[in-house]
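Chain residues, written in single-letter form:
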Amino acid sequence: MTNNFEIIRAGVNTTFQDQGRSNLYHIGIPFSGAMDNRNYCLANKLTGNKLNSPVIEFAYQGPHLKYTGEKINIAVTGDVVFKIIKSGTEIDGNCYESYQIESGDQINLISTNKSVYGYLAIGGGLDLKFQWNSCSINTKANIGSNDGKKLENGQKINILNINSDQSKRKTNYINSKVENIRVIKGPNFNYFSEEGKKIFFEKKFTVSKLSDRMGMRLEGSKIENIVNTNIKSEGLIKGVIQVPADGNPIIMLSDHGTVGGYPKIGVVASVDYDRLVQISPGSKVKFKEINLSDAETLFKLYEMETQNLLLQI
Amino acid sequence: MIKNISNLGDAAVYCDFGKEVNKSVNSEVIKYFKALKKENFESINNLTPSYNKLIVSYDLRKTNFKEVKKLIENLNVNENQDKNNTKIEIPVCCDDQFSLDIKRLEEKLKINRDKIIKNFFSKEYFCYMTGFIAGMPFLGDLDENMRVPRLETPRVKVPKGSVALTEQFANIYTFESPGGWNILGNTPLDVFDNSNEVEPNLINPGDTVVFKQINIEEYNSYNDK
Chain A
114 MTNNFEIIRA
124 GVNTTFQDQG
134 RSNLYHIGIP
144 FSGAMDNRNY
154 CLANKLTGNK
164 LNSPVIEFAY
174 QGPHLKYTGE
184 KINIAVTGDV
194 VFKIIKSGTE
204 IDGNCYESYQ
214 IESGDQINLI
224 STNKSVYGYL
234 AIGGGLDLKF
244 QWNSCSINTK
254 ANIGSNDGKK
264 LENGQKINIL
274 NINSDQSKRK
284 TNYINSKVEN
294 IRVIKGPNFN
304 YFSEEGKKIF
314 FEKKFTVSKL
324 SDRMGMRLEG
334 SKIENIVNTN
344 IKSEGLIKGV
354 IQVPADGNPI
364 IMLSDHGTVG
374 GYPKIGVVAS
384 VDYDRLVQIS
394 PGSKVKFKEI
404 NLSDAETLFK
414 LYEMETQNLL
424 LQI
Chain B
13 MIKNISNLGD
23 AAVYCDFGKE
33 VNKSVNSEVI
43 KYFKALKKEN
53 FESINNLTPS
63 YNKLIVSYDL
73 RKTNFKEVKK
83 LIENLNVNEN
93 QDKNNTKIEI
103 PVCCDDQFSL
113 DIKRLEEKLK
123 INRDKIIKNF
133 FSKEYFCYMT
143 GFIAGMPFLG
153 DLDENMRVPR
163 LETPRVKVPK
173 GSVALTEQFA
183 NIYTFESPGG
193 WNILGNTPLD
203 VFDNSNEVEP
213 NLINPGDTVV
223 FKQINIEEYN
233 SYNDK
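Protein sequences, first through last, are from chains A and B. One rule links them: number in the working numbering = place in the first sequence (from 1) + 113. One rule links them: number in the working numbering = place in the second sequence (from 1) + 12.
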């Protein structure tokens, strides 16, 4: 029998993700891929996987899995409360630490703590379908592994091969919570009234429950448009902040539609993307203006920090 | 010609070809798109052509705005003029069960069903861009007297294959999706095939499209062939 995980409870929004797929915007397919890239890479490194290997991404409540097969390493990253159940005994799991599990063991990913996404890496190769070099599930277009659909109760995740080096790996990492998100002004910044621009950079917005992998909807003081609430449809990228006629900003996230016709007030700086996606509904966000060269420098530093974290494992 | 090049955030270049939406401006956008695609620069990870803009996304780990801007400015677009755009025929059935918004179209356009259909099928269309949902083509231009705004309240589910109109454009819903366009008919042809990784789109920017009216019997037997 193949080594496998049986899904006892799938969780809220559980998908396979990797680094995503590129060069497909022009046909209408977004990047997709793990929302929080740093935590995705850390999960893989902790299990001895290549950094671009598929992982299980979950939001809020994660899956409850039962393992059958030869010994295997797993690791969880994010800010996740989880338990490992070994022959009836529950162990509290620590994120950023690998665990060796055996046949019959269970992993119960109970919830993400004041954050959105968590990652479970499995030390080995998963039996997944790749489309355009990526297993990432895009549930909107039904692209990727698992026929492009969320994981469901009762399904099995088959393991093709298991990493031979299963030594314990761990690191100390604390996800910094942010409220200030740095933003570069967008091409339609001047579509908005002076008051609207002020609101955008000075007031706090609340993350709406309607947020998902496609976009983060925000609620707060309305941002008034004085030019045109529609533009001719044009390309979008992740991090773009559009303001439709109702005056509430929407931030494009990894599964976003590839073109859109609402004015772009700004774009989230790449340095803050991983942290942005982790801001949970009901929390507040405040935008802070940043110029291009500072954004480039800060991203370089963030990347160096990620590389250092990976080297420490 | 590109009128202005600016940054869209810190990981994309925003090439602005002006405010006009017409075939000649869009052909310029597509020329740049094809030239960049052909060069296949390693640091560029996405290109999004639209009516009058081209967005060039890049990997900020490998390059930056200044470098990509230079690549675009130094691009030799004229060498890459591709005259081999294909002409594609799309069968469309306007049976009552498919033309969900025909009454609205008659009311808004103040022309009758037969004339709407005759006008729609008598033209050649140009594909300005594909996107929003995977493979959806934006085809223009509809005649001035055929232009209607979006539905006031978009549908939660537009059936797959719906052929719909808004303003100067027609489009095809490549799979079931929410949408606010005025539905005139339905095609039995798969316009997007996600199992084909090389050419998933039947229609690509720059292509010419003609619609061919089919009746319900032809529609029903279309995929039996």
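It is possible that some hints are incorrect.
[To be verified] Sample of chain A residues lacking proximity to chain B, with all beta carbon distances greater than 10 Å (derived):
hint: 1; residue: Asn117
hint: 2; residue: Ile140
hint: 3; residue: Lys290
hint: 4; residue: Ile297
hint: 5; residue: Lys322
hint: 6; residue: Lys345
hint: 7; residue: Pro357
hint: 8; residue: Thr371
hint: 9; residue: Lys377
hint: 10; residue: Gly395
[Stated by the list, open to error] Examples of chain A residues lying across from chain B (beta carbon under 10 Å, computed):
hint: 11; residue: Ala123
hint: 12; residue: Gly206
hint: 13; residue: Ser383
Hints in this document: simulated from the structure, not taken from any laboratory. We put the beta carbon where it would ideally sit given N, CA and C, even for glycine.
Exercise. Minimum Cβ separation between lysine 377 (chain A) and chain B greater than 10 Å?
Worked result: Incorrect as stated: the minimum Cβ-Cβ distance to chain B is 8 Å, not above 10 Å.
For this session: Confirm or reject the statement that isoleucine 140 (chain A) sits farther than 10 Å, beta carbon to beta carbon, from all of chain B.
Result: violated, 5 Å
For this session: Report holds or violated for the interface hint on glycine 206 (chain A), using the least CB-CB distance to chain B and a cut-off of 10 Å.
Result: Hint violated; glycine 206 (chain A) Cβ to chain B Cβ min 31 Å, cut 10 Å.
Exercise. Would the least Cβ to Cβ distance between proline 357 (chain A) and chain B come out above 10 Å?
Worked result: Given that every Cβ of chain B is farther than 10 Å from that of proline 357 (chain A), nearest at about 12 Å, it holds.
For this session: Could you let me know if the closest chain B CB is still more than 10 Å away from the CB of asparagine 117 (chain A)?
Result: holds, 26 Å
For this session: Hey, is isoleucine 297 (chain A) genuinely clear of chain B, shortest beta carbon separation above 10 Å?
Result: The assertion about isoleucine 297 (chain A) is violated, with a minimum of 5 Å to chain B.
Problem set entry | Exclusion check [lysine 345 (chain A) not at the chain B interface, CB over 10 Å] | Its Cβ does come within 10 Å of chain B, the nearest being 5 Å, so this is violated.
Problem set entry | Restraint check, 10 Å cut-off on beta carbons, for alanine 123 (chain A) near chain B | Interface hint status for alanine 123 (chain A): violated (23 Å vs cutoff 10 Å).
Problem set entry | chain B versus lysine 290 (chain A) - minimum CB to CB distance exceeding 10 Å, so not interface | The assertion about lysine 290 (chain A) holds, with a minimum of 23 Å to chain B.
Exercise. If you take the shortest Cβ to Cβ gap from serine 383 (chain A) to chain B, is it below 10 Å?
Worked result: holds, 5 Å
Problem set entry | No chain B beta carbon within 10 Å of glycine 395 (chain A)'s | holds, 25 Å
For this session: Hey, is threonine 371 (chain A) genuinely clear of chain B, shortest beta carbon separation above 10 Å?
Result: violated, 4 Å
Consistency note: the structure conflicts with the earlier hints numbered 2, 4, 6, 8, 9, 11, 12.
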